[in-house]
Amino acid sequence: MRNRPKVLIIDDSEADRILLHEAIKKAGLEVEVQTARSGEEGVKKANELRPEAIIVLDTLMPGMNGFEACKKIKEMDQDSKVILCTGVVDAVDAAKARAAGADDYCVKTDDYEAVVGAIKSLITS
Amino acid sequence: MARNRCKILIIEDDPGFRELLTGILNQMDENFEVRCGGSYREAREAIQKELPDLILLDIYLPDKDGFYFLEEFRKNGHEDIPVVLVSASGNEKDKLRGLELGAMDFINKPIAIEDIRARVAFQLRLKKITDDQKWACQKTNEGIKLLYKELEKKNKKLEQLDQLKDEFVSMVSHELRTPLTAIKSSLSVVYGDTEGRLSADQKRFLEISRKNIDRLARLINDVLDYEKLKSKPVGFKMAENDLNALIGETVRDFEPIAANKNLRLETEFEADLPKFALDRDKIMQVLTNFLNNAVKFSEKGKIRIKTARWDGDTVRVSVEDEGVGIEEENLPKLFQTFSQITNQGFRKPGGTGLGLAISKSIVEGHRGRIGAESVYGKGSTFYFILPLRVGK
Ligand SMILES: Nc1ncnc2c1ncn2[C@@H]1O[C@H](COP(=O)(O)OP(=O)(O)OP(=O)(O)O)[C@@H](O)[C@H]1O
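Chains as they are written, first to last, in our numbering: chain P, 34 to 158; chain S, 48 to 439.
Looking at chain P on its own, in the form it has when it is part of the complex (with noise of 0.2 Å):
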């Protein structure tokens, strides 16, 4: 059997962290989730996943920032996938997403609709 895809969620909030990887399994999603807690982390936890991995980062954390971390993680690694995710939504905030490289940007609702959507999507691309 193929490895099974993985996914890092970076996010400084653990509810966040938690819910988000509750609401992969739920999905029925078959990944092998990893967390990190701040950008720094996450930046070091990527490098360490590469090549397959699919990153998810909050966008406001304290420290790196979700945008700084996307960028170091694209310069790392161009082929990354990374999805950019928020609590709330910005036109200005999105164009920083699509700067830094992101692959996606998207809404952190309670059931975490769009950020498990936009896992789905990068998987099978």
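Please note that a few of the clues may not be correct.
[Unchecked claim] Simulated crosslink set (BS3-like; lysine-lysine; CA at most 27 Å straight-line):
{"hint": "1", "chain 1": "S", "residue 1": "K174", "chain 2": "P", "residue 2": "K105"}
{"hint": "2", "chain 1": "P", "residue 1": "K129", "chain 2": "S", "residue 2": "K175"}
{"hint": "3", "chain 1": "S", "residue 1": "K201", "chain 2": "P", "residue 2": "K59"}
{"hint": "4", "chain 1": "S", "residue 1": "K250", "chain 2": "S", "residue 2": "K308"}
{"hint": "5", "chain 1": "S", "residue 1": "K200", "chain 2": "P", "residue 2": "K58"}
{"hint": "6", "chain 1": "S", "residue 1": "K231", "chain 2": "S", "residue 2": "K258"}
{"hint": "7", "chain 1": "P", "residue 1": "K58", "chain 2": "S", "residue 2": "K204"}
{"hint": "8", "chain 1": "S", "residue 1": "K204", "chain 2": "P", "residue 2": "K59"}
{"hint": "9", "chain 1": "S", "residue 1": "K192", "chain 2": "P", "residue 2": "K153"}
{"hint": "10", "chain 1": "P", "residue 1": "K59", "chain 2": "P", "residue 2": "K153"}
Hints were generated in silico from the structure; no laboratory data involved. Please read these numbers as outputs of a predicted model, since none were measured by experiment.
Knowing the structure of chain P, use the given hints to seat chain S with the ligand on it.
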């Protein structure tokens, strides 16, 4: 990644020139994906297969000319893919026509390599900016739509909870009323027929119980009234009434209470007031609430009850006291549910703080408006304004 590889389509009938252009582009950036076509037909096939990021288009083609292709391309909705015309003519008329049809730029033959590089780079940069903006816009819209959906879901849940709360409150109030009535009548039996058998103290305590049961009953009635009004703002018994007469009656009932506190009641009635449709009991309830409060929150002076014609076809009823008054910051809170304001230097009188909220729904049920003005320490005026013709 697809996003990083720029796709450029060259439409040019001269094979030598095609090769030259391809070479220049590949030299510029090895990531460019260059495809070519030699005629209008091949151009159409190419764009049907995949849309490029930039098209270099020769004006002179063997089957149909470049203008024809350009016009059709734009008409088919491909507005944001830049097309640069390549022509040997250097003809001003051709340039104007190209611009009109939606070309973004021109390259003249014979070509200068630097010129081509600069123009291609510029068009691709513009294209990227447009693409990025479109992407950001689309992602934002998707997010907003989702948030909106979620908000609606939460709102529905809140509405359900609110309804559950209403049902609960009204059920509990109803359930409370029955035992209360039983206690009240039993108590009045004891209180009534025990001449001599009760000590003065026992009587005093019985009296206290009776007063507090009355108060409890009033509170429960208030809650029930409010819930009823909230769930069914209609259900008013509207009938033609003489407002002045109705107010006169209500005020007369208050005379003993006012006299008790040495307060004078004064009335001033608008002489020219037609009868009009209102719910007599409900409007009396509002007035009673106003008068009760005026008496409760005054220690001296007079209370003026006045009716007057108001803006348009309306009448304003006001109750003005010379009591403790209300601080300005508290005025907006007055008509909210359960709001009781601590009037300084005044013992907090018992009540639910529902009276004014109920009054507000009654007045609004008549399509009227309720309000209050006050100078702290000088007195307050509570008023409501009713339309003289409700509905058609
Ligand atoms: N004429 C007034 N002068 C000063 N304060 C007033 C006056 N009328 C109302 N208020 C303030 O508004 C508050 C709300 O009044 P409302 O009639 O809604 O409830 P209540 O009098 O406390 O209780 P109840 O439900 O028994 O009427 C009062 O507690 C009081 O602080």
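These are the hints, each one checked on the structure:
1. S:K174 - P:K105: Holds. K174 of chain S to K105 of chain P sits at ~25 Å (cutoff 27 Å).
2. P:K129 - S:K175: With Cα atoms ~14 Å apart, K129 of chain P and K175 of chain S stay inside 27 Å; holds.
3. S:K201 - P:K59: holds (21 Å)
4. S:K250 - S:K308: This hinted pair holds, its Cα atoms lying about 26 Å apart.
5. S:K200 - P:K58: holds (23 Å)
6. S:K231 - S:K258: holds (10 Å)
7. P:K58 - S:K204: holds (26 Å)
8. S:K204 - P:K59: Cα-Cα ~23 Å, so holds.
9. S:K192 - P:K153: holds (20 Å)
10. P:K59 - P:K153: holds (13 Å)
In this structure, none of the earlier numbered hints is contradicted; all agree with it.
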